[in-house]
Amino acid sequence: MRRGSLAAAALLALHAAALVADFVAPYPASQQARSLPWAPPSRIHVRAPDGGLARPYVHALRELPGRFGEYEEDVSRRYPVRFFVRGEPYTWLGVTFRTHLFGVEPGARVFLLGSDGLGRDQLSRLLLGARVSLFAGLLAAGLSLGLGLVLGCLAGYYGGLLDGLLMRLVELFLALPWFYLLLGVRAFLPLTLEPWQSFALLVLAIGLLDWAQPARLVRGVAASARQREYVLAARGFGAGDAYLLRRHVAPQTYAVLLTQAALSVPQYVLAEITLTYLGFGISDGGASLGLLIATLGRVEVMREYWWTWLPALALVGLFFGYYRLADALGGRVGHVAT
Amino acid sequence: MATRHRSSSRPTSTLLLLAAALGGCGGGAPDSGSQSRNNRLVASLRSEPTGLDPFLTIDGPSVTVMDLLNGSLISFDEVRQEPRLDLAESLDVSADGRVLSVRLRPGLRFSDGTPCEPEDVLSSFAALLDAERASPLRPQLIVDGRPVEVSLAADRTLRFELAAPVASVERLLDGIPILARGMAAASAQWSLATPPDRIAGMGPFRFRRHVPGQRIELERNPHYWRVDAAGGRLPYLDELVFQVVASPEAEVMLFSAGEIDVISSLSAHSFEVLERHHGDRVRMWDVGPGLRFMFLLFNLNESTANAPSGPFVGSWFRRREFRQAVSLAVDREAIARLVFRGRAVPIASHETPGSRFWWDPVSRPPPRSLPEARRLLERSGFSWGSGGRLLDPEGRPVELTALVSAKNPDRPPAAELIREDLRGIGVELNAVSLTHGALVRRVLTTGEFDAAVLELGGGDPDPNAHLPILLSSGRLHLWQLAGRPLFGWERTLDELMLRQLAARAPEERRRLYVEVQRIVAEQLPFVPLVSPHVLVGARRGLLGFEPAATGHPALWNADTLRWESAPP
Chain L
1 MRRGSLAAAA
11 LLALHAAALV
21 ADFVAPYPAS
31 QQARSLPWAP
41 PSRIHVRAPD
51 GGLARPYVHA
61 LRELPGRFGE
71 YEEDVSRRYP
81 VRFFVRGEPY
91 TWLGVTFRTH
101 LFGVEPGARV
111 FLLGSDGLGR
121 DQLSRLLLGA
131 RVSLFAGLLA
141 AGLSLGLGLV
151 LGCLAGYYGG
161 LLDGLLMRLV
171 ELFLALPWFY
181 LLLGVRAFLP
191 LTLEPWQSFA
201 LLVLAIGLLD
211 WAQPARLVRG
221 VAASARQREY
231 VLAARGFGAG
241 DAYLLRRHVA
251 PQTYAVLLTQ
261 AALSVPQYVL
271 AEITLTYLGF
281 GISDGGASLG
291 LLIATLGRVE
301 VMREYWWTWL
311 PALALVGLFF
321 GYYRLADALG
331 GRVGHVAT
Chain G
1001 MATRHRSSSR
1011 PTSTLLLLAA
1021 ALGGCGGGAP
1031 DSGSQSRNNR
1041 LVASLRSEPT
1051 GLDPFLTIDG
1061 PSVTVMDLLN
1071 GSLISFDEVR
1081 QEPRLDLAES
1091 LDVSADGRVL
1101 SVRLRPGLRF
1111 SDGTPCEPED
1121 VLSSFAALLD
1131 AERASPLRPQ
1141 LIVDGRPVEV
1151 SLAADRTLRF
1161 ELAAPVASVE
1171 RLLDGIPILA
1181 RGMAAASAQW
1191 SLATPPDRIA
1201 GMGPFRFRRH
1211 VPGQRIELER
1221 NPHYWRVDAA
1231 GGRLPYLDEL
1241 VFQVVASPEA
1251 EVMLFSAGEI
1261 DVISSLSAHS
1271 FEVLERHHGD
1281 RVRMWDVGPG
1291 LRFMFLLFNL
1301 NESTANAPSG
1311 PFVGSWFRRR
1321 EFRQAVSLAV
1331 DREAIARLVF
1341 RGRAVPIASH
1351 ETPGSRFWWD
1361 PVSRPPPRSL
1371 PEARRLLERS
1381 GFSWGSGGRL
1391 LDPEGRPVEL
1401 TALVSAKNPD
1411 RPPAAELIRE
1421 DLRGIGVELN
1431 AVSLTHGALV
1441 RRVLTTGEFD
1451 AAVLELGGGD
1461 PDPNAHLPIL
1471 LSSGRLHLWQ
1481 LAGRPLFGWE
1491 RTLDELMLRQ
1501 LAARAPEERR
1511 RLYVEVQRIV
1521 AEQLPFVPLV
1531 SPHVLVGARR
1541 GLLGFEPAAT
1551 GHPALWNADT
1561 LRWESAPP
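These protein sequence lines are chains L and G, in that order. Take 1 as the starting number for the first sequence in our numbering and just add one per residue. Take 1001 as the starting number for the second sequence in our numbering and just add one per residue.
Please keep in mind that the hints were generated in silico from the structure rather than gathered at the bench. Quick caveat: nothing in here was measured; it's all calculated off a predicted structure. Accuracy of the hints is not assured; some may be wrong.
Chain G regions said to be covered by chain L (calculated; three or more residues, Cβ under 8 Å) [as the list claims (entries may be wrong)]:
#1 1249 to 1260
#2 1269 to 1282
#3 1289 to 1296
#4 1332 to 1345
Heads up, the beta-carbon is just placed ideally off N, CA and C, and yes, glycines get one too.
Can you make the complete structure from the sequences, with help from the hints?
Here you go:
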């Protein structure tokens, strides 16, 4: 379980950073530095010119004459990296803030993960995009698992005709090509959506399409649980169906659901990323991991600007963490969800 | 969207000079290949041709192949941007400009060895003018509502009679394929599956083989009419192979690996990567601006009831000051620099510097000026609310949607730049990616759009190539589809374009067309943005390679390409 704890801690830290992404990110996701397209990650200097230690600083970049996207540092001035700096305003939970975790004075930029073709900070876009993608995944997982819990418990507890109908519905949903359905759903949506509307509809679409697998798992557990002695005893003492479902049957499914959640979240994150990558999710200007990865669709970008790989590598880490967690949870509860 | 047009341009005297420079025609037996021949050139196509009927098939890949299989009386020198005599030995125009007399070269043969007679030319034009066949090339031969009348005269001469004189009349014949009498009717069945011996033309190559999904193989036409200055029969190449390569990235990789010998339609970044990393094996050309141009289109239809942002968007777009303000707010230099890495030119109207004779160098795009843009908006009744949001005269926030094609990697970043620029005047622009087909349907059919970032690009610099766009009745009159002028300046555009169509003197045509460009630059039915450069590459050792800004940049002169030494 130790490796599961590590994975859980790492994921928690990542989600916490994404939650306060506006604070951690030095720049807004859409802010363009048009004189600095494809700037490499900033070199953080800690040595003063005299060789001694100095407060971390960066130099401004200037493009080499006639060499698009190639830079040299302007060493004539140092820009110290400061913490809790005043920057572009952002709104969090309805309140406007201006403090960012770190930054430099105007005149230079601190691009820890480099910039993209429009001079936008990759770290800021990664954090703010991760917030969109991660929470889309979490909420969609919550929706699908919640729906799966309710329908699975009903099917497993009552059995009979209800069970038959629900399981046929499960089979239908499992057979659907969810990705093409999502594209079809997106095609029916209005062309113009606010980012929050895009986000909400993505969550709904993904969550409502993928409840079938959790429902099937929960149904099995519920069907088994209703035969347990304590359930029979409680029924004998006059407990109603609602009480039995709520107090005795549903709790038996939580372990399965938890494991399923650890597997579903990365899938749903990937669904959101895929839709946005293909241009059918959140539009540019808004941030999303799918948009970041979309730049890798060009071979020359992949080859020339290695820092554009970093969001993809961050995703690998994210998925690895979730699967480690699922593995640990599955081992603990004795269920392996596939 | 890409369009392909053929039309007219320069005086007949130039044709005669070019004809003299080209050398003689091919009489007698086909060349047996006694000269050193450096065999094979491999090019690429983004998709398989849909057919090989030169009268019916007009998609890009099909035209690329058919242009090499078929000959025409007149063709177009893409580098010099002038017409030239091909199968025609001479061309005379009557004093009233209504009759062309075209004398066929002697000794012409189709690729199967059949002699070419004037009757073959007659039957080719008859097939083309057959209304039932509904050839897309037919409108080219309709003048003043009447088809051109073609008849035989003495001594290998054909007469073409027009209902009215037209500008650059010789270009009417440009690109019209000449097939043998028996084949002009049968060509309707020609496809990639047709046995090669049933397809014959007078182009430099003939069809040899199609490997489905992979490549199309052409072989040298031993009866090709053209010879070089030393009297040697062209083409030099024995084979020309088209690899079907669906993606631009794959195309670049195959070119860098040496599996493709020529490449065009490159992105600026791919161009630089190839130049930097493979310069020892390939040579790259930045030909300069072509005929393509990118623009921001407004929905100026009479009714914008279906516009995504609301029916009132039309009231914004129909104000010239609004369109001009948007034009002033857009940073074209940034688009040229960031999207095309400096390999694009900001433009003021639909015409580009790639059209050397017709482009008006006086029309420059306005320097970016947010204060001037704001002044124009204020004058038109707009104001600004909280947060700097632009409000229309009715107090509605100005927010609109711009469609971009998901297929083209240049347009989303251009739309993003425009979005940030328009924020400077308080306009909120949302860029939405659509499939190409969905975007075209919304713009050309349903009118369900506010604005769109598009490209148009013809292969022909002649102003007549822009008739479908600029004429209010044109099928590509994108900003409004009423089929008639809705604004006074559109009426003026119609008049000017029709006058230049009828004008015979090139200088007069140019004067009229410059006026057209200035009206477009002032009235801005769309905001012209940039014209990307044409970027071309070829494997080192390929001689005779003259990339062009118009037509097919790499293969327009395929008959004179040759290898310095045989490829390994």
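Violations among the numbered hints, reported as their numbers in ascending order: 3
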